[in-house]
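Colleague: Under full-length UniProt numbering, the first residue of the sequence shown is numbered 1, with each subsequent residue one higher.
Hints were generated in silico from the structure; no laboratory data involved. Any given hint might turn out to be false.
As the list claims (entries may be wrong) - Per label pair, the in silico range of CB-to-CB distance:
id	residue 1	residue 2	range
1	R114	G162	24 to 34 Å
2	V60	S91	55 to 65 Å
3	G71	D155	50 to 60 Å
Beta carbons are placed, not taken as given, at the ideal position from N, Cα and C, and that holds for glycine.
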Amino acid sequence: MGATRLKPLGKRSEGRNATSGTGTDGAGSTRSPPARWETLLSVAGEPSGMKRRRLLALTVALLGGCSDLPGATGPRTPPTPSEPTAAPTRSLRVTDLGVEEADGGHLRVIATVRNGTDAQRTRTLRIRVRAGEARTERRRDVAVAGGAQRDIVFDFIDVQYGDFSGNGSLNSGWV
1 MGATRLKPLG
11 KRSEGRNATS
21 GTGTDGAGST
31 RSPPARWETL
41 LSVAGEPSGM
51 KRRRLLALTV
61 ALLGGCSDLP
71 GATGPRTPPT
81 PSEPTAAPTR
91 SLRVTDLGVE
101 EADGGHLRVI
111 ATVRNGTDAQ
121 RTRTLRIRVR
131 AGEARTERRR
141 DVAVAGGAQR
151 DIVFDFIDVQ
161 YGDFSGNGSL
171 NSGWV
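Model the full structure from these sequences, guided by the hints.
Modeller: What follows is the structure, encoded as structure tokens:
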């Protein structure tokens with residue numbers, strides 16, 4: 001298979017038939033208008049349908065790498081359901097929440113905080129209290145030495161212990 005070469009043309013208007021798109025080369029033979037891409041893709045004696053197929057195959061091959069589709073994200077294989085997932089290591093944990101009535105009759109919450117690391121850690125602890133329709137919260141910075149635990153006291157002066165003990169709830173979280 002070898003590529004065919006086009007002969008240089010004379011004047012473009014010479015012998016041109018406007019309706020058919022063919023012309024004469026001066027010797028009386030007809031020729032098609034020049035198509036330079038066909039010259040590169042064609043093999044001598046191939047029908048034009050084969051030229052189109054060759055062009056399509058070459059176009060697909062050349063432009064196939066031009067698309068910018070997103071690559072795969074995430075793990076190739078997700079963990080199987082039988083594998084336990086590791087819980088994140090927490091530096092400070094609330095290990096116990098206790099409630100008591102303070103001297104003035106209001107609610108007092110005692111939170112026991114444990115530090116599971118070797119270094120001192122500081123975080124902000126938030127305690128939320130609901131007693132009937134009233135809701136309130138307190139925040140406090142807590143510093144605990146490495147490997148130790150500490151009791152933190154929260155006084156809720158606006159919440160009476162009697163209101164809380166009958167119909168109340170308590171929630172703790174880190175901010």
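Colleague: Would you pick out the hints that fail for this structure and give their numbers low to high?
Modeller: Going through the list in order, the structure violates no hint and respects every one.
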